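Undergrad: What follows is the residue order along each chain.
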Amino acid sequence: MSNYKSDKNFPPKTAKDELFDAVLGPDEEISENVAEEIMQSHGVSREQLVENLKTQVQQKIKQVRTETGLIPETLVAMLNNIREYQKEKAPKPVGAEQWVAEIFSGAAMPNSHAQPLYSFRNRAAGEVSDNDRRILNELQAEIED
Amino acid sequence: MTSSRSPQIDWGSLLVRLTPVAKKLFSQSGYDPEQDMPGTCVSVDVLVNGAAIEFFEWCEKGKWRPKNPNADPFPMAYRIMYNNFIDLVRSAGHKRSDLLVPTTDADGVSIVDGLPAFDQALNRLLEKPIVGLADVDAGILAETFYPYAEGRQELEDVIDAVIYCQCRKPSEIAEWLDISAQEVTDRWEIIRYNYTRHR
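Same order as they appear, the protein sequences are chains A and B.
Note that the first sequence covers residues 1 to 145 in my numbering.
Note that the second sequence covers residues 1001 to 1199 in my numbering.
Warning: the hint list may mix true and false statements.
Quick list of in silico lysine-lysine cross-link-like pairs, DSS-like style, CA-CA up to 25 Å [said to hold, decoys possible]: (1) Lys1024(B) <-> Lys54(A); (2) Lys1169(B) <-> Lys16(A); (3) Lys92(A) <-> Lys1024(B); (4) Lys13(A) <-> Lys1024(B); (5) Lys16(A) <-> Lys54(A).
Keep in mind the hints are simulated off the structure, nothing from the lab.
Just so you know, these numbers come straight off a predicted model, no measurement behind them.
Take these sequences, add in the hints, and give me the full structure.
TA: Here's what the structure looks like:
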């Protein structure tokens, strides 16, 4: 919980909002997992949302500068805050030797690493076609030779 | 340079929760969450980002001081967004724009009559609460929500508990359905997902 000093009198929820809260659960308690799933269904990642926010803040800074000639310090601070966040969340660069060593160390690979792609086919697509099966058999025979 | 007062905010966690809630607010108020609110230039993204900016300004002014570094800013940011949304809906500009929207469909039939059925039913139900009765108004409300249960009886039970039995708190719903509060939360999540997901 936080302790904030409110200078706004937030309006109470309407009866309609309370009804929706009772059927769908209170908005304040939406879980991050469900929220993420909903956004995935819309094809939007949290990284995209942060990038959109950054773009909007940049536009607002530009707009204020154009209209007033002043630099909006709070917005600049926010932009830096977002950039720092993005920098922290970005995968850390890993040297090739360290990367290979970690693969063979047997330890679980950190999330920053690219994951090997074992198959580009979806199981739901069913069995491989006869032609693909023939190619695979030929490759298998070549390897065994 | 970043202000030394600026808190570390998990922007991804904040925005990924604010955005589906904003979409829900648009939908439940009768607006298409994929478009700007009629008569305004405010989309879901603009509403969410505006709330995030305002929240950050509050932080800079020291109006939000987390007791611990892991404090969740979502409840505060949500209240700001909800407040802005209510202001927007009530704004004079928006009301004026309503007059520009056609009030009849292609066949000349009033589309306004059909729009507030949910609200009318809700108002009548609030004035005249019924418990355990298959009231027409309650039926209108229930039918509004049933599609989001997608035929699952356990989800329709939650809707019925709220609409017909006037349960509001999770403990009331849980008691009425003889399930745990956690089960209520789990069912809520599915209904919310069905309501807000991309269709």
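Undergrad: Please go over all the hints and tell whether each is borne out by the structure.
TA: Right, here's what the structure says about each hint:
1. Lys1024(B) <-> Lys54(A): Measuring from Cα to Cα gives roughly 23 Å; hence the hint holds.
2. Lys1169(B) <-> Lys16(A): holds, 15 Å
3. Lys92(A) <-> Lys1024(B): violated, 36 Å
4. Lys13(A) <-> Lys1024(B): holds, 14 Å
5. Lys16(A) <-> Lys54(A): violated, 33 Å
Checked against the numbered hints above, the structure breaks hints 3, 5 and satisfies the rest.
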